[in-house]
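> Chain by chain, the residues:
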Amino acid sequence: MVESYAIIYVLGAIIALTIILMSLAFLFKALKRAKAIGMDSKVVTETIKNSAIFSIVPSIPIVIGIGIMMQFVGLAIPWIRLTVIGALQYEILALDAAGGTVIGADAKTIATAVVIMTISIISGPLFNAIFYKKYQTKLLELQQKNERKMNAITGALLGGMLAGIMSSLIVGGFFGIGNPVTDAGTGITTYGEITLITLAASVVLTGICGIILFVGKQKWIESYTLPISILGALAVAFLFVPVFA
Amino acid sequence: MKKFDILSTATTREGHNNQMHFLGRCFTWAALIIICLVPIAYCIAAGVAPDWKTLGACMSFVAGYWVIGLIEAFSYAPLLGTGGQYLSFITGNVANLKLPASLNAQTVAKVEPGSEEQEIISTIAIAVSSIVTTIIIAIGLIPLALFQAEIVEVLKPISPYVVPAIFGGLTMALLAKYFKAVAIPFVLCIIICVVGNLIGLGDSLSQSTMIIVGMVLSSISTLVMYKLGKV
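As they're listed, the protein sequences go chains W and C. 8 is the number of the first residue of the first sequence in the working numbering; add one for each residue after it. 873 is the number of the first residue of the second sequence in the working numbering; add one for each residue after it.
One chain only, chain W, in its complex shape (with noise of 0.2 Å):
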């Protein structure tokens, strides 16, 4: 396995540190907020369990995607990509560019790979830094003269994203039926019938879970409506897999 030196081990903590701190400021601000306008302290407990609930499977792939670039570059900067802004194929790609997709890659390749990887993320975060709060000042200017045209706004921005992610699953998922696609970099194959399976059974729990909600009228479930799906989608995916491969 590649070398990790130790120092990348230490900052890799400190990023860690840094973002469990600031996820628990912003956490303890808002709680405060929270209970300063009044609201309902059952519905800001469920959100906390919600939230952790939900986020511990969409988390697993990032594990996965340490376990796949740490082939290429050791074990520390994956561990450091991933927990920040990085996205696996996004590493992938710029290891590709520096020619760090091979095993065994030398120093001096894996040093142009991170620089890459590193330049190449932060814009959005300067963004934040420099223009954000100009930016949102005029979005709550907006909300506060136009709420129709700024729910129409946030509307068509979340609908779009909707609507691109849904399109690419759902044509991607038909043209791969039978047309498996091996990512160079990753060598992660994805099966169109198992997206589309996927996909269908995510559905298909969430209705069931809503004929649970509203018929059943057990109220419950709606707070584990979407880990639920998520799971379960999964379980049917790791059962098709098999079939397919």
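Just so you know, the hints here were simulated from the structure itself, not pulled from any lab data. Just so we're clear, the structure is a prediction, and the values are computed from it rather than from any experiment. Worth double-checking, as some hints may not be accurate.
With a straight-line Cα cutoff of 25 Å, these simulated SDA-like cross-link-like pairs (lysine to any residue) come out [to be verified]:
hint : chain 1 : residue 1 : chain 2 : residue 2
1    : W       : 42        : C       : 990
2    : C       : 1049      : W       : 114
3    : C       : 1028      : C       : 990
4    : C       : 925       : W       : 114
One side of the interface only, derived from the structure: several residues of chain C facing chain W at Cβ under 10 Å [said to hold, decoys possible]:
hint : residue
5    : 901
6    : 902
7    : 910
8    : 954
9    : 972
10   : 1030
11   : 1061
For glycine and all other residues, C-beta sits at the position ideal for the given N, C-alpha and C.
Chain C: place on chain W using the hints.
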């Protein structure tokens, strides 16, 4: 001069917002500095310099990511709220983890769009999600260091299906509320994806590309509907 106390509980939404911006900016700069120290520390520890020629050749690639980063920061801002925006653009995984966590929490809490309650719920959801993910990744390092090959072999085959597992259910939950905003861009995105795949451009139409395409199309269609008084 008005006293700015970061530890006190703000009495107004504006005051709370200012505190969030102050915290967000401080932590963003701190995180950026530490992130930028990583390649420097690696070069010193390994006793090498980056290959400047390769770096120069990769600048168009880097510029592409700068543009994507700016578009994402600009377009996700109205959806994430103040705290969520700062946190999401340090911790990443916005579309596949932070935003779904926020939307799920907002749906369960039944908060009004644009309200302060929505902002607070979104911040709490994204903060909790960031803590959970950071801890899971850190814990995951131990088994990875010991059994990397076995873990990757078992879990790798299902990793492409996490996004459809999240968005199938999430879309169902949000469809009734945002049907008008989703319908037209969805049809247009489907047409673009089908045509793109038929002419051999399917690889270029990844989920991240289609999110931006969907947001542009949705903004245009919503603007038309807004002018016609339909939304």
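> Which numbered hints are broken by the structure, listed smallest first?
2, 3
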